[in-house]
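In this note's numbering, the protein residues as written are 27 to 285.
One or more of the hints may lead you astray.
Straight line, CA to CA, 30 Å or less: simulated DSBU-like cross-link-like pairs of lysine-lysine [stated by the list, open to error]:
id	residue 1	residue 2
1	Lys95	Lys53
2	Lys95	Lys43
3	Lys53	Lys43
In case anyone wonders, no lab produced these hints; they're calculated from the structure.
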Amino acid sequence: MTTIDRSSPMPFYHQLKELLLAEIERKGLRPGDRIPGDHELCLTYGVSRTVVRQALAELEFAGVVERVKGRGTFVARPKVTEGLAQSLTGLFEDAAARGSHLRSEVRALEERPAEIQVAHDLGVAPGHPVVFLERLRFIDDVPWAHTFTYVPAELAPGLLAEDFTEASLYHLLERRYGVVLARARRTIEAAVANAELARNLDIRVGDPVLVLRSVCVDGDGRPVEHFVAFHRGDRSRMEVDLTRSPRRASRSPLMVVTD
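Please model the complete structure; the sequences and the hints are all you need to start from.
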């Protein structure tokens with residue numbers, strides 16, 4: 027199919043979406059390549075602007091294209107999916123599994139006294155020594171996430187001497203310090219970028235970001251890591267595996283609605 031079939035019961039917007047998908051594949055368009063604008067698509071396929079906008083909206087929702095106000099519509103860059111269930115992984119492993127390269131710009135690596143919330147999450151007293159690691163993380167040289175990590179200082183005595191430009195914290199904890207990472211509890215929130223975060227992630231003030239908060243524990247249930255990570259909303263997505271028990275179980279809700 028190369029044109030809209032006006033005798034088909036299939037809605038015009040759905041036909042146009044399929045035509046655009048075929049065109050992207052036929053031309054071998056790559057992420058960042060521009061596709062025709064609304065007006066040109068209306069003329070090419072003989073459809074209304076409403077049809078064009080609905081087709082593009084569905085492609086955008088599916089992650090195929092991204093629309094930039096004032097610039098046009100482009101083939102979307104693939105988003106990095108972070109798994110939140112069944113496997114405990116870090117961004118390093120998630121990126122590597124998809125053939126991407128991750129590097130970190132270390133903004134801070136130091137020992138400091140634990141603040142109240144960090145101390146609570148790590149099961150230590152306020153003021154307890156923790157290693158603080160701040161990183162701006164890039165995937166294929168694109169700024170992706172700004173992360174703040176805390177680890178009890180006695181857990182990995184040589185952590186302050188490590189080079190985290192290319193290294194995975196989880197790999198180091200497991201292979202060099204013998205820490206057995208067992209499970210973690212992660213929460214996700216939607217937020218908007220302030221001036222500093224927008225500058226670091228190369229986005230605009232007010233753009234959406236995903237905020238991940240996590241506490242990881244070892245095989246004995248001892249907290250070994252607390253982190254907060256701010257991910258670009260236009261480049262990341264979270265993947266959650268769900269199962270439904272045949273019996274009603276008293277579990278914490280997956281989603282918490284707040285005012």
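How the hints compare with the structure:
With a C-alpha separation of about 24 Å, the suggested pair Lys95 and Lys53 falls inside the 30 Å cut-off, and the hint holds. Restraint check: the Cα-Cα separation between Lys95 and Lys43 comes to about 20 Å, which is no more than 30 Å; the hinted pair holds. Note on Lys53 and Lys43: the hinted pairing holds, with a Cα-Cα distance of about 15 Å set against a maximum of 30 Å.
Checked against the numbered hints listed earlier, the structure breaks none of them; every hint is satisfied.
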